[in-house]
Structures are given as structure tokens and as C-alpha cells.
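A.B. asks: These are the residues of each chain, in order.
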Amino acid sequence: MKLHNISFSNIRRRKGRMIFLVLGLVIGISTVVTLLSVTDSMTRDIEEKLNQFGANIVMVPKTENLALNYGGIDVGGVNYSVPELDEARLAEIRAIRNSKNISIVAPKILGPVTINEKRVLMMGVWFEEEIALKTWWHKSEWVFPQKENEVMLGAEVAARLGVKAGESLVVSGTPFQVAAVLSPTGASEDSAVIAELGAVQRVLGKEGKISMVEISAFCQGCPISELTLQIAEKFPEAKVTAMKQAVLSKMQSIEMFQSFSFGVSVIVILIGSLLVFVTMMGSVNERTREIGIFRAIGFRQSHVMQIILLEALLLGIIGGILGFAAGNLTAWGLVPMIIKDGTFAGVDLRLGVVSILMAVALSLLASLYPAFKAGNMDPSEALRAL
Amino acid sequence: MAEVKHLIEVRGLKKTYQSGYIRVEAVRNMDFFIDDAEFVTLMGRSGSGKSTLLSILGALNHPTGGKVMVDSLDIYALTSEQRADFRSEYIGFIFQSFQLIPYLTVLENVKLPMAVTGRKKKIQDRMAEEVIERVGLTAKSLRLPDQLSGGEQERVAIARAIVNKPPLILADEPTGNLDSKTAGDIMGLLKSLNSDGHTVIVVTHNPDMESYAGRTIRVRDGECFV
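Chains as they are written, first to last, in the working numbering: chain F, 1 to 386; chain H, 387 to 612.
Isolated chain F, as found in the complex (with noise of 0.2 angstroms):
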């Protein structure tokens, strides 16, 4: 007979006031574990979302002028010499020590060209990274370019040579078959000829050089300025800008329900200790004969303090791994609800280790005052149960 003996029979025997107990720790630790899970798998969801809306490093050469333009509007009136960075260094972003990070590299090279006696811009590009980088590219009723001689036009350039899909036409020269109009998109390559990177390359006389290159970066929790001083660092003649606005909006999407599960999470955890407590105080109360008759044969206040808070040590692990359980099956199931296509993260492993340490820790702290008062029975008090 040893003490663990006592507590372990007491546990069997209490089963209804036990279960009780186990169940105030799972919903604690249930509830703390599907806002954790939940909101890991609405960051991951919105990572996503955000990495699709587009670039959120450019890369451009380094420049002495500032730029002339603002919201679309030119008031420069002044053209500068550009500089151009070396197409065959681009490889180089991807040897970066955060590369992994890297998700698309889509380099532009830009130029002006004449066609119809019109001067409209040419961008050349490398089509299967840029439809990658350009989700809101409308895909429908058209192809993208397949070949070198195939353009894709902006709708605003299209409308200005009154030019359709399956037409031809000359540029600067050079013969290209329009393959597709792209659909608005209140951006700048509405008013674009976009063929490929290389084509273009020949056109504007620039083999070889880039205008400027985009960049996307797949990270959870962001390092991005970390990606871009590492890309600076390889492009000392280059301008590498992260595109803060995005990054700013995605931490702080984040950390609001970050916030959110943190606030819940205290409330929840506070009201599981309270549970816990009045339990184990209920449990000390029933058992003052108990605990007299422990007294009255030669155990010390420590032997009485050790059962009570084996008991609480026994049922922290038990609900650790039953909240723990449960709270991941809660999430699994409330996620597609909450996220609209989304899924779950998955099983943190790590979570399940701090959720049964979080509940041992729990039951211990909201068990010592109940174990102290047994342990601090006066034995003749409790004897005069009997």
C-alpha cells in the first residue's frame, strides 16, 4: 500500500465527482486548443488569400531620380535613361538563404513601341509566372500566348488600336498574332502589350536585360524584411522594396485573432480553475472522516496533501489529453464552417505536450489550497466526524 494506491482508489470510487472534475479541465483545455487551432488555420488561410492577391517584393534598378508619377499619372514630362538589370542573375533570388520563402519570381522587361503610328507600352514577360502572380487575370473566352509571335493585349490598348483576339498586327516592325484580350483590371497592364519576355526582349533591342522583376514571397509569419535585405544583399544595383501595405495587413489580421483567442482563452482557463477548485474543496469537505482517520493512524499533513494532489496530478493528465482530443476534433469540424474553403491545420504535437502540461499545472494550482486545508486538519476536529 502506497499513497498513489489510495489516491487511484479514490478516483475509481468517486467516479461521478472525478468526471466532473475531468470534464471542467476538457472544456478548458478543449476550448483553448480549438481557438488556438482555429485561428492557426484562419492565419494559414489568410497567408494564402494574401499570397494570392499578388507581388509583395518588387525589385527595380537603382535610380538617382525620383519618380514623376503618382496614382497613374504622369507629371514628369522628362524621360530619363532607365537602367536595366541582367536577366541571366535571377537565379541568384532563388539562392537566397530564405529561398524556400521564394514562391514566384516574374521578371518584366518594359519598353515603348509604335504601332498603327500609335506609341503604346510593351511589356515582355514570362507568361507562366505572371498568370501565377496575377490570379484576377480574367481567364475566360481566351488563351494566353503560346508562342513567341502571340500578344495578349491590355482592354485599354485594344480599345485604342481597335484591335481583337485572332488579329494581327505590327510591331515596330515585327509581326505578332493577337492571342487575347485581357478583360479590365484597373491596372497598368490594361494599357499593356504583353508578350514574351524574350520576344519583347529583341523588339526593344534589349536582349538579356529586365526592367524590373516581382516577387513573391509564401511565408507563415512573414520575415519579409528579412527576404528583402537578404535579395538587396545579392542585388547591390537593384532597389528592393517590400510591399508593406500587404505584410502590415496581414499581421495585423493576425494578431487580432491572436488577441481574440488569447482574451477567450483566459476567460475560459480562470472559469476551469474556479470548477476545479470548488470540486476538489467539495471533495475535502465529504472527506473530513477520511482524512481523520488518515491522521489518527500516523499519516502527516504532507501524506494527506501528497493523495489530494495526486489526484489532481492524475486527472491533469486525463483531461490534458482528453481536452486536447477534443479540442482538435472541434476544430476539424468548425473550421470549414467559420472558413470558406478552408482546412484544418492540422495536429500540433507540441499543443498536445502544453495542453496537458497547462491542465497538470491547472488541476495542481486550483488543488493546493483544497490539499493544504486537508493537510491542515485537525485531526481531532476530523475525528469528531466520526
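Source of the hints: derived by calculation from the structure; they are not laboratory data.
Where hints are given, some of them may not hold.
Stated by the list, open to error - Below, computed lysine to any residue pairings styled on SDA-like, alpha-carbon distance capped at 25 angstroms:
id : chain 1 : residue 1 : chain 2 : residue 2
1  : F       : 118       : F       : 203
2  : F       : 239       : F       : 102
3  : F       : 2         : H       : 527
4  : H       : 400       : F       : 118
5  : H       : 453       : F       : 381
6  : F       : 2         : H       : 400
Mind docking chain H on chain F? Use the hints.
C.D. replies: Below, chain H without anything else, positioned relative to chain F:
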């Protein structure tokens, strides 16, 4: 002539309970001794103070005044934890109404006092089985208390009291809830324990039990008459 050394010496013992303005003197200036291997009954009416006296002798109830020496040890000069160790080593309690732990089997109830002695399981099992056999309950050692008769529960309480082989056995009305035949059996069992060298002190209000004791201390209105 060498000085006689008593197992228990009680000197100027007092116990007063105070509840608001009401003051009750449960024990008034008692002086007596009990020798090793004596069988003593504390006889008195209900409310006379005999149960209070027993709890004081059992190191459970701090007296208001006086001294209780057990084996030359002033038990109320000890700390609370030292008194717990003293109870574990020196005293076997038999309570009114048996007071067994309802969720433990007979064997577990008997082994309960050994939970704090640090004895190994094998030794605990052997010692518990020995005393269960002595009280005649070997066949029922795996039963729960509520599956036993009153006499059997009293036997379990006795087995629990003697399992640590304490020199002193204190019994509070051990036959109070039993029929006369079973009560006689229980007193016989206590008598045999006394024959084995245990000092036995039994609180009772039943004059029939006097015949088992070597000596009777009468308690009336908190005073004792040896």
C-alpha cells in the same frame, strides 16, 4: 528499590472547550498511570469525558494543561508531524463504528497504516495477511467493508490497529454497535492481544466489559477515579 517505569503517565491533565461564551471542562486535573501490557477500561457515562481522554492519550487532541508521557516521551512537546510519526509507531486506534475506508478492500484497509512506513509490498502483504488470519477473515480479504457484517468490520478495524505491531491499542466503544455475543468475541480478541504484550485501553460504558480488563479507571464529569 528501583523506580517503577510506567508506559503512560498522566499528570495534571486538563482539557477545556470554549465555544463562544460557553466553556466546557471535559477533563479536569487528571493524574494516573498505566503500565506496560496492562488491559485498562475507561468506564463512564456518555459525556463524562472518556472519549476526550482517549483522544488525548492517542496524541490526537492537544490538552489545555498538564502532561502526557508515553514511554517517557512528552507527546505534546512534539511537533505535529512528530506526533503523526509517534501515532504511526506507537498507537493502534479502534474507532467507534469501525471507520473503515469504504472504497478499499479488507486487505487494503488493513495495509493502510503501512502506507507511510516505507515497508516493501511483500512485507506489507505478509504482515497484513498474518493479522487478517488472526482475526479470522482470510476468506474475505478482498471484500469491501459494506460486504461484511458489523462483527467482521470490527475485526478488520482491529487488524488495521495491530498491523504495525504498536505497543499501545486504544479502542473507543469497540462493542457499541454489536450484539452481546459478537461483543464478547471482540473483547476476547482484545484480551488475547493483551496477552501477547500489547497495552490495551478500552473506552466503554458497558459494565459487562469490565471483566476482561485488569483494571478500570472510572471517569465522571471530567475527573477520574482510579
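A.B. asks: Hint by hint, work out which the structure violates, then give me just those numbers in ascending order.
C.D. replies: 4, 6
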